[in-house]
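Trainee: Sequence:
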Amino acid sequence: MYEDYDICIRCAKVADIIEGQAHQHFLFFDFKCKQKKCNGCGSGWHWVGAFRCGKCSFALDFGCVTLPHSAPHKSDEHMLYLTYHNDNDYPNHRYCDICEGERDPSLWYYHCSICDTSAHPDCVLGNRPFVKNGATMWYYGRHDHELGFFRKATGYPECSDCGKLCQEEILKCAQPACNYIAHYRCRRFGEENF
1 MYEDYDICIR CAKVADIIEG QAHQHFLFFD FKCKQKKCNG CGSGWHWVGA FRCGKCSFAL
61 DFGCVTLPHS APHKSDEHML YLTYHNDNDY PNHRYCDICE GERDPSLWYY HCSICDTSAH
121 PDCVLGNRPF VKNGATMWYY GRHDHELGFF RKATGYPECS DCGKLCQEEI LKCAQPACNY
181 IAHYRCRRFG EENF
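For the sequence shown, the UniProt record's numbering gives the first residue as 1, with consecutive numbering after it.
Bear in mind the hints are in silico, worked out from the structure with no lab data behind them.
A virtual CB, placed ideally from N, CA and C, is assigned to each residue, including glycine.
Check before you lean on any hint, since a few could be wrong.
Quick list of the computed label-pair ranges, beta carbon to beta carbon [to be verified]:
| # | residue 1 | residue 2 | range |
| --- | --- | --- | --- |
| 1 | Thr136 | Ser57 | 40 to 46 Å |
| 2 | His145 | Phe31 | 35 to 41 Å |
| 3 | Pro176 | Thr83 | 41 to 47 Å |
| 4 | Cys162 | His25 | 42 to 48 Å |
Starting from the given sequences, assemble the full structure and let the hints guide the process.
Mentor: What follows is the structure, encoded as structure tokens:
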């Protein structure tokens, strides 16, 4: 049905009906979910559908359903735990302690109750948390060697595709004599979407 369609193994293993996930009712997968946004992250839906409640308007996308319940981050010596709501009205608690950006208190976040650290899930896990650092990928087109996925590049080199500094996930040539490095987004989607 879908040509060249890839799906994450973690997402493929998720059952069609789930319980828990900060909601008192069962959630079932609906390819044509009508809710406007995910209750976990606030994002709108794309074509893959979502998990929704049959009794109320609660719904979650695949990204939120598969979030780990706890995760380490270098900003805190303790594990950060996935938190589903913010009961604290103090305005300083509405900021991410990693990126220092505002955090919507109605959306899920990671928190350490010992250090009082709170952070966006993307700031704790990164944009592609389940891709192994160093995993090799093959992209046809502008480069003919295997490319390794890395979360960070040392020294922030220039992207071989768009020329901007690489400050996030990169693909680096696996050949020792080749200096090709590109943003993951440039190789995956093309620089016009960067």
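Trainee: Taking the hints in turn, state whether each one holds.
Mentor: For each hint, the structure was consulted:
no., hint, in the structure
1, Thr136 with Ser57: 40 to 46 Å, "holds (43 Å)"
2, His145 with Phe31: 35 to 41 Å, "holds (38 Å)"
3, Pro176 with Thr83: 41 to 47 Å, "holds (44 Å)"
4, Cys162 with His25: 42 to 48 Å, "holds (46 Å)"
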